[in-house]
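Asker: Residues per chain are reported as follows:
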Amino acid sequence: MLALAALLMCGGLSADPLTAALAEDRDAPAPAALEAPSLLPAAVWRLNGQAFVVELAVDPSVGARQFAAVHHYAIGVVALPVTLVQPQIAVGLPFYLLFAAPWQAVFNARADTLARVLVAEPLPTAIVQALRAQWRQTSPSRPALQVTLRLAGYGLMTRSGRELEAFDSAEDLCLVADGRLEVSREGRAPLAEDIAIGPLSTTRDAPPPLCASLSRWAADDGRPLRQATREMAELLAAFMVDRAERQP
Amino acid sequence: MRALRTQSRMAWPLRLPVLCLCAALTACAPWQTSAPITAVSYRTSREQVPRTVGKLRRLAALQVRVVPRVCAGGTDGVGHLTAVDPTARDLLAQRKGYELMEPDAAHPLAGVGDPLDASSATLVADLLAAKDAAQPLGPALAAWLGRLREGAHVDGVLVLKQEVSCLKSSPATRGLGALLSFGVTEVVGLDTTQPIAEYLDVAVFETSSSRMVWRNAYGRLEQVLVEPPRTLTGPGRADAVRAWSMAHLLEALEPAVPRLLTR
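Here the protein sequences line up with chains A and B, keeping their order. For the first sequence, position 33 matches number 33 in our numbering, and the numbering has no gaps at all. For the second sequence, position 37 matches number 37 in our numbering, and the numbering has no gaps at all.
Just so you know, these hints were derived from the structure itself, not from any lab. Model, not experiment: these values are computed from the prediction. Be aware that a few hints might be false.
Distance ranges between label pairs, derived from CB positions [claimed, not checked]:
1. ASP168/A with HIS248/B: 15 to 21 angstroms
2. GLU99/B with ARG188/A: 30 to 36 angstroms
3. TRP244/B with VAL119/A: 36 to 42 angstroms
4. GLY146/B with ASP168/A: 47 to 53 angstroms
Heads up, incomplete: computed chain A residues facing chain B, CB under 10 angstroms, no partners named [claimed, not checked]:
5. GLN134
6. THR202
7. LEU210
8. CYS211
9. GLU234
10. PHE239
Don't be surprised by glycine CBs; every beta carbon is placed ideally from N, CA and C.
Could you build all of it, start to finish, from the sequences and the hints given here?
Answerer: Listed below in structure tokens is the structure:
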């Protein structure tokens, strides 16, 4: 019981900061995010006159709405005296005391794991690392150009686009990213293109997003999400290389 | 000690239902090879997510429909190639990222495509036999997979078997129905040849090694354990149930390696 209580406290109380961050993300529209200053310093890589810049304008989103598990106990405790007046309410008490709070605590712990992984693996840095491996200088006399990827959305979201909740966790979460890619070359108008990898909209040559259940993403301390994040970085780097090579 | 032995003996009748349940649940899970899988349509990949069957991005998709002779529309009980179900096609191509190649009469693929062609009929029979028995492929099928590999750079072949069932082809169901209705179903002369269920079975074969690498089924047992939603009602129920079943069957297939990450 002590261990369960500790789990509930840890899972429930640590949920609040993440919930606040998620609320901010939800309120921020995509165009405003594109105009807003980058939260992290831009990751830049230069080579022989070519520059690759990656900016992340938003915090990674976990796509899960968390609720402190202790609140379920509070509901149960408040409902206890009410049962003296309305005995029917006693039927619902075991739900809150035995099922709702532990279920919510496990949900919160998994969402926290995913949030930790997304923060610990900064996407711009991973994209630049992937660029270093992918960029092949096809011609030494290639003119100088700058490729900028400004990410306006990144993280996990459900297929329907709404946030996942503890008692409706059957839906899959997909790893998504969207933003604007610009290729500019001296003396020419920059080419801009919106890039999206997600269940609701996907760029023509982008693959469908990787989707899995919350428990599967969080398994083994978030290893599947860590791998998928690296693959997302490889994909976005491949976009940058592809569009740069297409520039005449 | 004796009490412990007695308790151990008594535990077996209790364990048996649990083991049966575990076996039933295991039957619902897709089977997947543990051997490494090789694709032929690309040389290198920068994928970061470990994949097995997802490496076979370029897939030839074949759907085989089997209608028993005693059921309405049944011919000889042998499978025939049909167009791939739209739900399965959309799920594989748009949600899983596979490059599907669907042979038909206008676009035959390495000798397969025309359902009226004698070689196609033999091939379908070979495919069904290999899939049902999980045996090594016959020489004709292996040679055909080799032609797909060399000629069309196809990584794998997905075979979707759709087996129609009617009361007449299922004596056990018919007998149970007669028993539960006190023989009324037999007296009133129900049309027992009409389809009552469709059993789905899917297998993926790797062309580079000519062996089965993945398999999943939504058959009699699975349909008892995982029923389609009861909200699917109305005149289009059969189509809705088929679409749900296809999605349920293929959802377990892992996503393909993205084209952007391969060369």
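Asker: Which hints, by number, does the structure contradict?
Answerer: As far as the earlier hints go, not one is violated by this structure.
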